[in-house]
Amino acid sequence: DGGITQSPKYLFRKEGQNVTLSCEQNLNHDAMYWYRQDPGQGLRLIYYSQIVNDFQKGDIAEGYSVSREKKESFPLTVTSAQKNPTAFYLCASTRDGVKKTGELFFGEGSRLTVL
Amino acid sequence: GQSLEQPSEVTAVEGAIVQINCTYQTSGFYGLSWYQQHDGGAPTFLSYNGLDGLEETGRFSSFLSRSDSYGYLLLQELQMKDSASYFCGLDTGRRALTFGSGTRLQVQP
Chain A
1 DGGITQSPKY LFRKEGQNVT LSCEQNLNHD AMYWYRQDPG QGLRLIYYSQ IVNDFQKGDI
61 AEGYSVSREK KESFPLTVTS AQKNPTAFYL CASTRDGVKK TGELFFGEGS RLTVL
Chain B
1001 GQSLEQPSEV TAVEGAIVQI NCTYQTSGFY GLSWYQQHDG GAPTFLSYNG LDGLEETGRF
1061 SSFLSRSDSY GYLLLQELQM KDSASYFCGL DTGRRALTFG SGTRLQVQP
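These protein sequence lines map, in sequence, to chains A and B.
Under my numbering, think of the first position of the first sequence as 1, with each following residue one higher.
Under my numbering, think of the first position of the second sequence as 1001, with each following residue one higher.
Each hint should be verified, as a subset may be incorrect.
[As the list claims (entries may be wrong)] If you want a taste of the chain A side facing chain B, the calculated C-beta under 10 Å gives, among others:
#, residue
1, 45
2, 92
3, 96
4, 103
[Said to hold, decoys possible] Take a look, some chain A residues computed to stay more than 12 Å from chain B by CB distance:
#, residue
5, 13
6, 15
7, 17
8, 20
9, 22
10, 62
11, 68
12, 70
13, 72
14, 73
15, 83
16, 84
17, 100
18, 114
19, 115
Rather than coming from a laboratory, the hints here were simulated on the basis of the structure.
Cβ coordinates follow ideal geometry from the N, Cα and C atoms, glycine included.
If we strip away everything but chain A, and leave its shape as in the complex, we get (with noise of 0.2 Å):
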């Protein structure tokens, strides 16, 4: 079936160590996003991408790092720079962007937990 699968599902970290979260997509979507989500609250961009080997950052970049050298993946790495990093993270994608249809296709989230 296609869709996103993020992993790990939950991770524990500790402060000072950088980790990174899988966001793979068979959906042959071109566009990938990044986005936090703390509780109660809405959903924040970090980073976004296009096409491979481009992505612009989002609202709340700081502390956070993207590669996109396949199409089907685009990891996140929340570094030790990240002063609150505990949240849970959630991968987007869509085919050509949201400009026509508004839609995104969210995978099941990664809740990372700072130690």
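Based on these hints, arrange chain B on the given structure of chain A.
Same frame as chain A, now just chain B:
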């Protein structure tokens, strides 16, 4: 920049109709989307308005007035399974959505 405002919570009874409002401020506008998210789950797409007017999809409808910078999601014949958070999302032309803080809908028997 851009901003969106939604009520934080709405309560309604089963079988009723509820309206969730979204007002926004932005320098560029392409469309307004609506998403549903159950606790701990992924957001799922409900509706999109690129032009003024009403879009209907089953029990859910969404309305947009670009001149008023305002939209709403209308849920009819409420069911218990509609208890969830609902987010409006703004497309300002940067090809990514900016979301509101969400409205938590509680459907009571």
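task = Hey, is residue 62/A genuinely clear of chain B, shortest beta carbon separation above 12 Å?
result = holds, 16 Å
Residue hint residue 103/A, partner chain B, criterion CB-CB below 10 Å = Hint on residue 103/A: holds, closest Cβ of chain B at ~5 Å, below 10 Å.
Status of residue 20/A, Cβ more than 12 Å from any chain B Cβ = The claim holds: residue 20/A sits with its nearest Cβ about 20 Å from chain B, beyond 12 Å.
Interface-negative label, residue 13/A against chain B, beta-carbon threshold 12 Å = Its Cβ never comes within 12 Å of chain B, the nearest being 20 Å, so this holds.
key: residue 83/A and chain B, when compared Cβ to Cβ, separated by more than 12 Å   = Per Cβ check, residue 83/A is outside 12 Å of chain B; nearest 21 Å; holds.
ask   = With d taken as the least Cβ-Cβ distance between residue 100/A and chain B, does d exceed 12 Å?
value = violated, 8 Å
Least C-beta distance from residue 70/A to chain B larger than 12 Å = holds, 20 Å
request  = Quick one: work out the minimum CB distance from residue 114/A to chain B and report holds if it exceeds 12 Å, violated otherwise.
outcome  = Nearest chain B Cβ is 19 Å from residue 114/A, so the label holds.
query = Can we trust that residue 22/A is non-interface, i.e. its beta-carbon lies farther than 12 Å from all of chain B?
reply = Non-interface label stands for residue 22/A: nearest chain B Cβ at 15 Å, farther than 12 Å.
task = Please confirm whether residue 68/A is truly not at the interface, meaning its C-beta sits more than 12 Å away from all C-beta atoms of chain B.
result = About 14 Å separates residue 68/A from the closest Cβ of chain B, which puts it past 12 Å; holds.
ask   = Is the Cβ of residue 115/A farther than 12 Å from every Cβ of chain B?
value = holds, 21 Å
key: Satisfaction of the residue 45/A interface hint, Cβ to chain B closer than 10 Å   = Constraint on residue 45/A satisfied, holds at 6 Å.
Going down the numbered hints, you'll see the structure goes against just number 17.
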